[in-house]
Amino acid sequence: MVTTATQRLLDLASLAPTSHDEDLLRLLEEASALYQQGFDTLRGVVAQRVDGTSPEVLVTAVQAAGLPCDVSQDRDALVVLLALTEWEMTPAALAYSEMAEDAARRGVCLVPEL
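At position 68 of the sequence shown (counting the first as 1) the number is 806 in the working numbering, and the numbers step up by one without a gap.
None of these hints come from the bench; they were simulated from the model.
This one's a predicted model, so the numbers in the text were calculated from it and none came from an experiment.
In this text, a Cβ means the ideal position worked out from N, Cα and C, and glycines have one as well.
A portion of the hints provided could be inaccurate.
[As the list claims (entries may be wrong)] Distance windows between CB atoms, simulated: (1) 758 / 835: 17 to 25 Å; (2) 759 / 794: 47 to 55 Å; (3) 829 / 809: 31 to 39 Å; (4) 795 / 752: 23 to 31 Å; (5) 803 / 760: 19 to 27 Å.
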C-alpha cells in the first residue's frame, strides 16, 4: 500500500504522544520535512491557480483571509501568504502543529535553545 505524505504525517502525529526524547525528536524532524513538502506542493498549486491575477486582486484575497499585506509586496510573497492560509487548515498541517506544540510542552523542539 502506498502512503501519501499527508497520511505519513498523520501517522507520525499519532505516534508522538507515546514517544519521548530522541524518538520524539526523530518523529518531529520527519514530520517537519513532510509539512514543508506539503506546503511547497500547495504553494505551486496556488501559484498556478492565481496565474494572471492582478496584484491588487491578490492583495484583496490575502487581506480577506485575514493577513496583512499591501501592493508593495511582490507576487511571490502574496502567493506564499495565500497558500499559507489554505495550508494551515489542512489535516496534515493541523496535525503537525499539534504535534510540535505537544513536543515543545515536553521539552522537545527542532530549534535548539541558545
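Now for the hints, and whether the structure bears them out:
no.	hint	result
1	758 / 835: 17 to 25 Å	holds (20 Å)
2	759 / 794: 47 to 55 Å	holds (50 Å)
3	829 / 809: 31 to 39 Å	holds (33 Å)
4	795 / 752: 23 to 31 Å	violated (40 Å)
5	803 / 760: 19 to 27 Å	violated (38 Å)
Hint violations for this structure: numbers 4, 5, all remaining hints satisfied.
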